[in-house]
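Asks: Sequence:
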Amino acid sequence: MWSSTFYFLLSLSIFVDKVQPEVPQLFDYLNGFYLDCYECHSNRPGCGEKLDWILMRWKRCVAPGGSKCVKIIEHSPDGEINYIRGCINQIEAIRPEMPTVRENGCWAASDKYIGLAYRPWYVKTDAPIYCFCDERDGCNSARQSLINYSLFLYSCFISIFAHSII
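Numbered according to mature numbering (1 follows the signal peptide of the UniProt record, and there is no 0), the sequence shown spans residues -21 to -1, 1 to 145.
Since the hints were derived computationally from the structure, they do not count as laboratory data.
These figures come from a predicted structure and were not determined experimentally.
Glycine included, every Cβ here is placed at the ideal spot set by N, Cα and C.
All clues stand as given, with none of them false.
Computed spacing ranges between beta-carbons, pair by pair:
1) I144 / N61: 49 to 57 Å
2) R115 / S55: 25 to 33 Å
3) I144 / I33: 34 to 42 Å
The list that follows gives simulated cross-link-like pairs (lysine to aspartate or glutamate, EDC-like), each with its CA atoms no further than 20 Å apart:
4) K38 / E114
5) K29 / E53
6) K38 / D113
7) K38 / D116
8) K38 / D15
9) K91 / E53
10) K91 / D105
11) K38 / E71
12) K29 / D15
13) K29 / E59
14) K91 / E71
15) K38 / E28
16) K29 / D113
17) K29 / D116
18) K91 / E76
Please construct the entire structure, taking both the sequences and the accompanying hints into account.
Replies: Take a look at the structure:
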């Protein structure tokens, strides 16, 4: 038992020595301080209001203390609605006007709370809306539909019913 633990720790230390630049990311990854987010702009097919998960892939976001996914909804001068998705640490580098409040939900640049990203209602505004989330990988996709919640409740009911029979 002790010898296998010793060899594991020894091999881990050798591995860490070989990939020294990647050590912080490795430990963030092992400690769960990463999140997979969609990264795209609505000028690409499959990255509009509804996200096509077949065309879009997740990007690993690693940040000290945890990361967040972001979805930006903004109106262009010609009246189109643009959607931008990505990791918070990459988007805040190009968007200094982001809200200072970055709790889960949607916010205007003025730190005014707009609503939840997965609910079908938003306060109408022409200012960009910033939606933050960190509850699951890919949480910056589109709004979740009521069907997802219905299927979840149905599967819970079946599970409880099947468990009570056994």
